[in-house]
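Q: One-letter residues, chain by chain:
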Amino acid sequence: MTSSKAKPAMNPDVNRAAMDAPMQGQTQGFASLRRAKLFRFTSEPRPKKSSFVIGWTKDIGAVSPLAADYLIKAWGGSDFCQIEPADFYPVGGVTVIDDVARFPQSRFFSSEQKPVVILRADEPQSNRYEFLNAVLDLAEHYGKADLREPSRAETLFTINGIAALTAHTSPRRVFGVFNDTATQRKLQPLVPADANWKGPPHVSTYLLWLAGRRHLPGVSLWTQVPFYLSDYEDFQSVKAAFSLLSLMLGWDFDLGEIDRLAAEQNEKLAQLESDPGIASMIRALEEGRSLDRQEQTELIEAAGNILNR
Amino acid sequence: MSAKLYGEHRSGLEARSYTSARQSPVLLCGWAGIGSVGLTAVGTLRRLVRAQPFGEIEPHGYFEPSRVVVRNGLIKEMRFPTTRFYSHRLADRDLLLLVGEQQPMDEHKAYEMASEVLDVAERLGCRRIYTSAASVTTTHHTARPRVWAVPNTPALLTEVRKYGNTILMSEVGGKNGDGLISGLNGILLGVAKNRGVEAVCLMGEVPYYLQAAPWPYPKASISVLEVLGSILGMQLDLSELHEMAAKVEVNIEQTLDALAAAEELPEQVKTEIERLRKGKPPDIGPITEQEKREILEHIDDLFKGETGNES
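Residue numbers (this note's numbering), protein chains in the order written: chain A, 1 to 309; chain B, 310 to 620.
Calculated directly from the structure, the hints in this document are not laboratory data. One thing to keep in mind: the hints can contain errors.
[Stated by the list, open to error] Here are the computed lysine-lysine pairs in the DSS-like style, where the Cα-Cα straight-line distance is at most 30 Å:
| no. | chain 1 | residue 1 | chain 2 | residue 2 |
| --- | --- | --- | --- | --- |
| 1 | B | K313 | A | K198 |
| 2 | A | K37 | B | K313 |
| 3 | A | K144 | B | K385 |
| 4 | B | K418 | A | K198 |
| 5 | B | K418 | A | K58 |
These figures come from a predicted structure and were not determined experimentally.
Same shape as in the complex, but just chain B (with noise of 0.2 Å):
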């Protein structure tokens, strides 16, 4: 397993100086997640910037195949889940970003992985490192999400605090500034804080009965977006993923409508979906303990028959 960078892209960006009049690269990671919500928001930033890819993490060791092509009796094509480095010049600092299809079932695998995206990072001289993912709270869908930060060194709080439509685990109601962020966004903070390398995770709230289904949830996306333009200086137009947020919101409540018509759910899901349908409450919380087992207990309930495709 290693990382492989592209050779016209290897020796240019080797051979940049990121100390002398440019900072040093951003590195943006967005992996596969609940929502896609990573996913989402680092694939759109690449798109929008068209940034270019220059290397990736070879899958071999990491991931199954997920697709052969066989024609006329000849292995044509096996295709594995990218983790693919890209790379865009803005006017003050290069900008690096890593999108991932997918994230290493096992945590060891995990953890090798994040020292493999640490090994490229430092190589381009990378000081700087933002993930982004979904926290999964009792956020509505129809409120604006916010976006829970976590730096890997108290000397980023005073920044982060600094950040619009952000929160701390410490301003979370019944959290004392402590929690989990499970997957590669989180074992890339770790390994980042070892290696003395600043690094950010940046989590777009992700409504609790929504964090199973099949399908993408853009308005978390949206918000980390907004706060990663807003620390990079950069106007991004987010009118496409505004529109996906609007059909998806469509479906949420097609979707709740039809979970309130069918008549075997149990008494108490059925009442948490009228309560879902007539909108958020005025001050959402975060998801207590107790209330993360109860929707564990009756997540399936919620979504029984749904099916589809992430996209």
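With the rest of the complex left out, here is chain A (with noise of 0.2 Å):
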């Protein structure tokens, strides 16, 4: 990207306010960043050793969207920059939701109060090693002081949601997964849990791998979610994972509206108990016994004949 001049956004809701806001050096800015023709900007925040935060819309209780909106609420997010679509996400067309049209996003948020960028993201569906360094370009990029100082990075954090076979009524644990021994040794104390796993890697996993190579610092945190709450929005699981976030940034947040949210959920799932069966499985979940394919379903159902309500 050559031109110092803003392009419009692509979508019509982008922040009006980050569209009007000043350009400030662009010349030395993100027209460098090695695939800066990927990116359509707005305004162009000034780099400040930003972390980065990475939520992407769709998981397993909504933690990682819900988390990412926080985030971007509590300290007065606004959109400076997009990832053009075209070459991740199918877009011949629209899906419709709720009566509503949507189209791919992957949107990144600066705010003027904290040194943080978060990106918004849906997850690509096709070049995801390209998709994926485009977002450490930008890290690289934001992480530094100033744009004098050659790139560096602060600590890249994803935040997910994982099913498990918890109850509701119990605390949920997160799981941390780094990708160097130094942030390991760093930021362990904070999370309660080491993550084991052998298999296909979540998109979260693969750009905390790449950042790696990069010698971009990263921890991935994993929430539990009681299974049962996978397809709802779980906040109590978004509450653990915002409050061990806000202490690895040394931050402190406003859990109210989360606290708000949890309580609320959690009254209505407290009717499960008045099925004795239903209750039955709860007590075995928070006893660390396990539930037979049929008791799932069966939970599952309950759940979500509560919550759909």
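Need the complex rebuilt from these two chains, each delivered in its own frame; the hints are there to steer you.
A: Structure (structure tokens):
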């Protein structure tokens, strides 16, 4: 990208304030990014040693998008950039969900209050290697203290839910996955549980691994979500992830709204106890016992009946 | 995306002069595909001659990671499908082998990978390439598969006609010498042609009803290796592959028996299964367009409920 003028955003609801914001230092700024042509900037915040937080649109218990949304809201974040979708998503049309047309998005938000950049994105459907490296280009850029500094990066955080055989009445455990031992040594005391996994990698883990190859420190936070809440917003899990993230960043958050929403959801879910069979399944999960497939299906249906009302 | 040659082999290979006493090296390529024919053929040859790895195509831009290992909260390993080069010195020439665990899904990426393979081949003075793959035909699983050969220049036709158990497209009824080789095996032939490098694609016949089967078809790999062995003047001990082929054949018979006993299959499919169980017709021709359409309509019925891993 060589133009010094801001280009119009692709989506009509792009933050107008961000569009009107003065452009600063473009010639040394995003135009120098290796994959500059993949980005569409509407403004360019100054680099300020920003940490990077990733929130994917779809996630177990909606942990990832909700955590990102709360961060954006808590710090008055505004979007300043998108990744052009054509190379990474099907763009042959729009999907309509709840009567509204949806189109793939990957927006970057920055905050005036805190040194943080947040990516709120749909997972790329193709060319993931290129997409994730573009994200890391931006993370390195905004990890600088100022434009004269060579590329560097503060810590990259990804937040995800993970379905677990746990009860909604139990505390949510958060597992940490790190991409280098130094970051692990520094942050592990804050993460209660280590993760172990062999199998296909989630996009967050792929991103973390690519970040490690670029010497960009990173951690993925995996928050347990009771399996029967996987398709719903699990505010308890969001709170657990959010609280841990605030500890790691060393910043305080007002958790009032999440607390309220979590309490409301727990109140609804308390109705599950009215069915003795379902109640005994919940007790079993609380005691660390497993459920067979039939029981799991029954619990999922019961929770759905309550939460869909 | 780039090809990476390993340090210790890189200097040695580049330093060799193929224009003096030795002939130019020959490159044999085998990728994962139908019946794992190419992959099994070149992979077996690699093991038999104990070829040594000397480089690989970096996978990151081509493939998704297939597996991650996270231990005690730390990413220990991210595994991608490999596309690896091996070399082996024969009496009169060097043999280069390329074994690809997967083919890029995107045709532009496949073209890019083929170009990278050619970059390496040309850098090492290679002027002849063989790719190995499968040709889906109406052959029977009890028959010896023939090898369909397609060169990338008319000048090679005379030579190719001399290969044993080999057939040209023009020798297949109804084809008039025309056809299509999809995937990397075809693209590589084209890229090599554009660069003036001779290439021949050798395709072992795979019965149409096994093209979607979850197991390899070693019989076709044996046929391909017999042709390659003859071209290169190599005596290859293929007993391991023959054993594997025998096991696969038993597996096929059992599956056909099980399908014949199934009640819910359409009558047309049942008739076809009965025909296959009775053995191959005396003269098996190529697959026609009409047959291809019918096969594609019924292929799911043939393998409904069958699961397994390609090995």
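Q: Evaluate each hint against the coordinates.
A: Results of checking the hints against the structure:
With a C-alpha separation of about 27 Å, the suggested pair B:K313 and A:K198 falls inside the 30 Å cut-off, and the hint holds. Distance check on the hinted pair: A:K37 and B:K313 sit about 27 Å apart at the alpha-carbon level, within 30 Å; holds. With a C-alpha separation of about 28 Å, the suggested pairing of A:K144 with B:K385 holds against the 30 Å cut-off. In summary, the hint linking B:K418 to A:K198 is supported, as the alpha carbons are separated by about 28 Å, within the 30 Å threshold.
A distance of roughly 28 Å separates the Cα atoms of B:K418 and A:K58; the hinted pair therefore holds under the 30 Å criterion.
When the structure is compared with the earlier hints, no violation turns up for any of them.
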